[in-house]
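Peer 1: Here are the chains, one letter per residue:
6 protein chains.
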Amino acid sequence: MPYVNIKITREGVTPEKKAELIRGATQLLVDVLGKNPATTMVIIDEVDTDNWGVGGESVTARRKQGK
Amino acid sequence: MPYVNIKITREGVTPEKKAELIRGATQLLVDVLGKNPATTMVIIDEVDTDNWGVGGESVTARRKQGK
Amino acid sequence: MPYVNIKITREGVTPEKKAELIRGATQLLVDVLGKNPATTMVIIDEVDTDNWGVGGESVTARRKQGK
Amino acid sequence: MPYVNIKITREGVTPEKKAELIRGATQLLVDVLGKNPATTMVIIDEVDTDNWGVGGESVTARRKQGK
Amino acid sequence: MPYVNIKITREGVTPEKKAELIRGATQLLVDVLGKNPATTMVIIDEVDTDNWGVGGESVTARRKQGK
Amino acid sequence: MPYVNIKITREGVTPEKKAELIRGATQLLVDVLGKNPATTMVIIDEVDTDNWGVGGESVTARRKQGK
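Protein chains in written order, with numbering that gives the first Met the number 0: chain A, 0 to 66; chain B, 0 to 66; chain C, 0 to 66; chain D, 0 to 66; chain E, 0 to 66; chain F, 0 to 66.
Among the hints, a few may not be true.
What the hints assert, rightly or not - With a cut-off of at most 30 Å between alpha-carbon atoms, the simulated DSS-like pairs for lysine-lysine come out as follows:
no.	chain 1	residue 1	chain 2	residue 2
1	D	16	E	66
2	B	34	C	66
3	C	16	C	34
4	D	66	D	16
5	C	16	C	66
6	C	34	B	63
7	C	34	E	66
8	D	16	A	66
9	C	63	F	34
10	F	66	A	66
11	C	16	E	66
Think of the hints as simulated: they come from the structure by calculation, not from any bench.
This one's a predicted model, so the numbers in the text were calculated from it and none came from an experiment.
Generate the whole structure from the sequences, applying the supplied hints.
Peer 2: Structure, rendered in structure tokens:
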């Protein structure tokens, strides 16, 4: 009954891509640890680029600088 | 000073129901562990059904199949 | 399929008390939102008092001062 | 490569203030533990006042009572 | 710069298996969303079976019943 | 009543250093957003280097390679 939380920046990820993340993360737990997929939970959090920081600055600021 | 995080799917839960969750979770910590309610924190996260997966598929897909 | 995370200080909580927290948190989601208990997940994190801060100081320091 | 998550109530915090939180939290890890700022991640979650509880009631209710 | 958190029960998972989880979760973000693996962070939490509940009871209790 | 969670690798951080992190994170919320320190909560999680991955490999493996 594993639990996986994936945090990504909110930048228009489609429901299809999210479904792929859910499928892939669940399969990973099956393949590596033999977990039961029926009780594996995956939660995707989309975070605004203003609210995500790396290197001491927001992703919004980094994108403007081409980082 | 416990901290409780409750994650549920975003499906129109009313402020009254959320207040019940906050009250109930706080009371649980008082009843079971004798914690001080004044410093007990409860945070409710509502997650889109596209972003929540169980059994390798999104809750959106499961709902369509009547699961 | 809700997910509940309860964080408490690590101070010798017994397995029986933990079982009560699991039972109570699951029942809360059943009572308030009609959730299915079979797919409700509860995770309890026990945190060392050195690693938990309130009011700008650790719980270890607060306990020594009788707070 | 530390990870910092800051949860605050959603009450109109500006991108400038968020940038200050990101800068400050990153600097704290540099100053105290000598961590590399380039690989320090900060995520800010803004939580609706209906979804945040203290003392067994929501922040929305507390604000109405002038708490 | 995604962040992935994997929670599993603490039951003797080897460092090799953990390395596979880290590799697989990172690759998933590369494959599905084209993320940069260099800035993808994965954190694995191992949770005692007394501290993990499903269906209103601890995993410890479920294992004893052969669930 | 903000909540701050700091995750660092488990590598012998002293209680004094943890106290500095708690003090600094609390002060940051006071300085930037005018929050009340009395109700600001800080939780530090120390994560084994086997359980923390960056760039698709564990911190344990990276340290061996001098990264």
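Peer 1: For a quick check of understanding: which of the numbered hints are violated here, in increasing order?
Peer 2: 1
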